[in-house]
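Asker: Let chain A serve as the given structure and place chain B on it in line with the hints.
The chain contents come next:
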Amino acid sequence: MQKTGYYGQWGGAYIPEILFETFQELNAAFAAAKADPAFWQEYVGLMATYSCRPTPLTHAANLSEHFGGAQIYIKREDLNHTGAHKANNVMGQGLLVKRMGKKRVIAETGAGQHGVATATMAAKFGLECTIYMGEEDVMRQRPNVFWMEKLGATVVPVTSGSKTLKDAINEAFRDWVTRMDDTHYVMGTVCGPHPFPEMVAWFQSIIGQEAHEQINKQFGALPARVYACVGGGSNAMGIFQGFLEHPEVELIGVEAGGHGVDTGQHAARLASKDASAGVAQGYHTMFLQNNDGQMMDTHSVAAGLDYIGVSPILADLWEQGRVRFAAATDQEVMAALELTMKREGIIPALESSHAFVQAYKEAGTLRPDQAIIVNMSGRGDKDIFTVAHAFDDPSWKEFIRKKGAEYAA
Amino acid sequence: MQLEESIRHELARPEKDILLMTHIVLGYPSLEVNRQVISQMVANGVELIEMQIPFSEPMADGPTIVRANQEALAAGTTVAACLEFAEEMCRTHKTSFLFMTYYNILYKFGIEEFFKKARQIGIKGFIIPDLPPEEGEDFWRLAGEYDIAPILIYAPTSTEARMQELAKSAQGFIYCVARKGVTGQQTDFDNDFESYMARCRRGATGLPLAVGFGISSRADIAYLTGKADIGVIGTATINLVDKEGPEAVGPFIAGLR
Numbered sequence: 422m423q424k425t426g427y428y429g430q431w432g433g434a435y436i437p438e439i440l441f442e443t444f445q446e447l448n449a450a451f452a453a454a455k456a457d458p459a460f461w462q463e464y465v466g467l468m469a470t471y472s473c474r475p476t477p478l479t480h481a482a483n484l485s486e487h488f489g490g491a492q493i494y495i496k497r498e499d500l501n502h503t504g505a506h507k508a509n510n511v512m513g514q515g516l517l518v519k520r521m522g523k524k525r526v527i528a529e530t531g532a533g534q535h536g537v538a539t540a541t542m543a544a545k546f547g548l549e550c551t552i553y554m555g556e557e558d559v560m561r562q563r564p565n566v567f568w569m570e571k572l573g574a575t576v577v578p579v580t581s582g583s584k585t586l587k588d589a590i591n592e593a594f595r596d597w598v599t600r601m602d603d604t605h606y607v608m609g610t611v612c613g614p615h616p617f618p619e620m621v622a623w624f625q626s627i628i629g630q631e632a633h634e635q636i637n638k639q640f641g642a643l644p645a646r647v648y649a650c651v652g653g654g655s656n657a658m659g660i661f662q663g664f665l666e667h668p669e670v671e672l673i674g675v676e677a678g679g680h681g682v683d684t685g686q687h688a689a690r691l692a693s694k695d696a697s698a699g700v701a702q703g704y705h706t707m708f709l710q711n712n713d714g715q716m717m718d719t720h721s722v723a724a725g726l727d728y729i730g731v732s733p734i735l736a737d738l739w740e741q742g743r744v745r746f747a748a749a750t751d752q753e754v755m756a757a758l759e760l761t762m763k764r765e766g767i768i769p770a771l772e773s774s775h776a777f778v779q780a781y782k783e784a785g786t787l788r789p790d791q792a793i794i795v796n797m798s799g800r801g802d803k804d805i806f807t808v809a810h811a812f813d814d815p816s817w818k819e820f821i822r823k824k825g826a827e828y829a830a
Numbered sequence: 117m118q119l120e121e122s123i124r125h126e127l128a129r130p131e132k133d134i135l136l137m138t139h140i141v142l143g144y145p146s147l148e149v150n151r152q153v154i155s156q157m158v159a160n161g162v163e164l165i166e167m168q169i170p171f172s173e174p175m176a177d178g179p180t181i182v183r184a185n186q187e188a189l190a191a192g193t194t195v196a197a198c199l200e201f202a203e204e205m206c207r208t209h210k211t212s213f214l215f216m217t218y219y220n221i222l223y224k225f226g227i228e229e230f231f232k233k234a235r236q237i238g239i240k241g242f243i244i245p246d247l248p249p250e251e252g253e254d255f256w257r258l259a260g261e262y263d264i265a266p267i268l269i270y271a272p273t274s275t276e277a278r279m280q281e282l283a284k285s286a287q288g289f290i291y292c293v294a295r296k297g298v299t300g301q302q303t304d305f306d307n308d309f310e311s312y313m314a315r316c317r318r319g320a321t322g323l324p325l326a327v328g329f330g331i332s333s334r335a336d337i338a339y340l341t342g343k344a345d346i347g348v349i350g351t352a353t354i355n356l357v358d359k360e361g362p363e364a365v366g367p368f369i370a371g372l373r
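Same order as they appear, the protein sequences are chains A and B. When we follow this note's numbering, the leftmost residue of the first sequence carries the number 422, and every step to the right adds one. When we follow this note's numbering, the leftmost residue of the second sequence carries the number 117, and every step to the right adds one.
If we strip away everything but chain A, and leave its shape as in the complex, we get (with noise of 0.2 angstroms):
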C-alpha cells in the first residue's frame, strides 16, 4: 500500500482521530491550491507587493576576499516583511485560510518570527490569532512578544514540558482539538503531519526558484554549494529546491551544535550520533530521545533551532546522502555573526548565523571562479537581548540599568 505524507520512511500523519476530518478538509483545499496556478500567482503577487520578494541575492565581495575562496552569495530572507523566510510560509497558508472560511489562526513560534509573521497576516486578513510560545522562548525573544502582542494577538507562555518549541506544538493541537471548526493551525516548519511538510516546503519553494535565477543570472553559473540553518528545516528545504535537479551542487544543512556535539547539550539530529528514529507529533522522523522514546532537552543560543525533531522530507535526503549536515557550536556562531557585520554591514539572526558558520569553514577550500549561497533566512534584530548579553556589552548593560530604574521609579 502506498501511504500517504512519506519521503522514503519518514513522514505520516499520526493524527488524534478528533482532526480526522479536519485533515481531511486541510488535504482537499491545499491539494485545490495545489492544482490551480491562479493560487500560485495570488501568492506570488501577494508576497511582491505586501514582503518584498524576490528577495535579493546579494555578492558578499568583502568576505569572499576574506576567505580568498569562493564566491559568497547571501540569500535575503532578511529583507521579507516581518524579517524572515517565515513571512512565505504564512501569507500561502492565510490565502488558504481564506479559502476555507475560518476566522481563527493558531501558532506555535520559538524564536517568535512565525508568530510575528502569522500575527502580521491575521491582522492583515482579519483574523482572531494566538500564539503558543515556549516560556523560555519567551523570555529570551522578548522583542518578538511585544509585537506580536501590538500585533493584536494573544500570546500564550507554554510551561509544560521544556517550555520551548516543541511544547509550544503540543499545546497548539491541544488548542486545535478544542476549536477545529473555526480555526487553521499554521504550522511554521515543514515537519508536524502530513500535509503540512509538503505544504510548508511549496509556499517556501519560492525562494530556491528565486536564488535558481538571480545565481545564474548573476554569477553565470549555479553554485558548488548551498547552506542553509536546519531547525525544522523550512528554510533549507525552501532553498534546497532550487537546486535538488542538480546534483552537482552539494546541499549543506547546519545544526544546532549547542555547547558541542558531544556534550549531548545541542539540538543536532542528523549532525550528531545521539538521534534516533521514533514517533512524535504527528510525524516519523530521527529525534533526540532516550532509550524509552522520552524527548531529550534541546539546547541552541538560537530559540528557532533548539527543535528535537526534523523536516520528515531532510531525513530523507539525509538518508540518500543528497544533504549533507554539520553542526555549528554556540560559540562560532557568534564569531561568524560579528564577521558578518563588521565585513558586509549585515546582521544575521542566530539562526541564520549557523549556515554562515558553515560556509565560511569551507569557502576557503573552494576556487574563486566558484560560488556558494547562504540562506541567511532572517535578520538579527530580535537577537539583540542574547547578542548583547554574549557580547557582554557595558554600554547595552548601562542602558538597560538606567531603563530599570525608570521603570522602577
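Just so you know, not all the hints are guaranteed correct.
[Said to hold, decoys possible] With a straight-line Cα cutoff of 20 angstroms, these simulated DMTMM-like cross-link-like pairs (lysine to aspartate or glutamate) come out:
hint, chain 1, residue 1, chain 2, residue 2
1, A, K519, A, E446
2, B, K232, A, D713
3, B, K296, A, D596
4, A, K519, A, E631
5, B, K296, A, D737
6, B, K296, A, D802
7, A, K424, B, E148
8, A, K424, A, D737
9, A, K455, A, E556
10, B, K359, B, E229
Hints in this document: simulated from the structure, not taken from any laboratory. Given the structure is predicted, the values throughout are model-derived calculations rather than measurements.
Answerer: Relative to the frame of chain A, chain B by itself:
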C-alpha cells in the same frame, strides 16, 4: 477477543447496567500510590483500568494529565518499571488492565516486543490516541496475533462512514470521546450528545461503547447508563488523589453507581 468477552461477561450480570473504567498515570505521584489507588478501585468494583505509560509529549491530554506525565518522568519512571508494575497488578487483581500510551513508547521498545511483553503480563488492550488505522501497519496485524484489543476512538467530529471504517480495525470496545478538546474539562450532555451516541452505536457494528472525557460524578454515570456500556473516569481520580490522598478513591468509586 479476550477483552470483549470479559466485558460481555460483566455486562451479562443483572446488577451491572454500566461498567466503569478508571485511569491512572504510572509513576504519578509514585508507583506506591498507584498500587494503593488500584487496590481501592478494584475493591470497589471497577471492571477495567487503563494504565498510562508516561510520555514526554502527551499531545491529546489536558493540563492535569500532562502534569502527571511530566512529574512521573521527572521522578524517574521508566518503561521497564511500568511493565514490571503492570505485571504485578495483573497477577494481583482479576480486573481487566489496558495500557494507554503514545505510539513512540511502543515504537522505541519494538512494536512486536511490546505486544509480546504485554501479552505475557496479561494486558488485554491498548489505547494509543496518536495512532490512526492508516499508520503503523504492523501494530494492527500484531494486535490480532497477540489477542490484545486495539481500542479505537470515536469523536464528535467523526462521520458515520468514518466510524464504520474505524470499526474494521477495532476490537474490545470503542472509546467514544464525549466532546472536542483534551482530557479533564467538563462535558455538557445535551441533545447533540444523544444524537452523537446514536451515531456511535450505529457505527460500532456491535462492539461495546465506552464514553470518556469529563466524566466525574454519579450524575454523569447515571446519565450514561443505558446509552453507553462503559463510563470512563480519568482526570477526576487524579485530582482526587492530589487533593485528598489515595484513600479517598474507594468511597468515590463506590458512590458512582
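Asker: Please write out, lowest number first, the hints stated earlier that are contradicted by the structure.
Answerer: 4, 5, 6, 7, 9, 10
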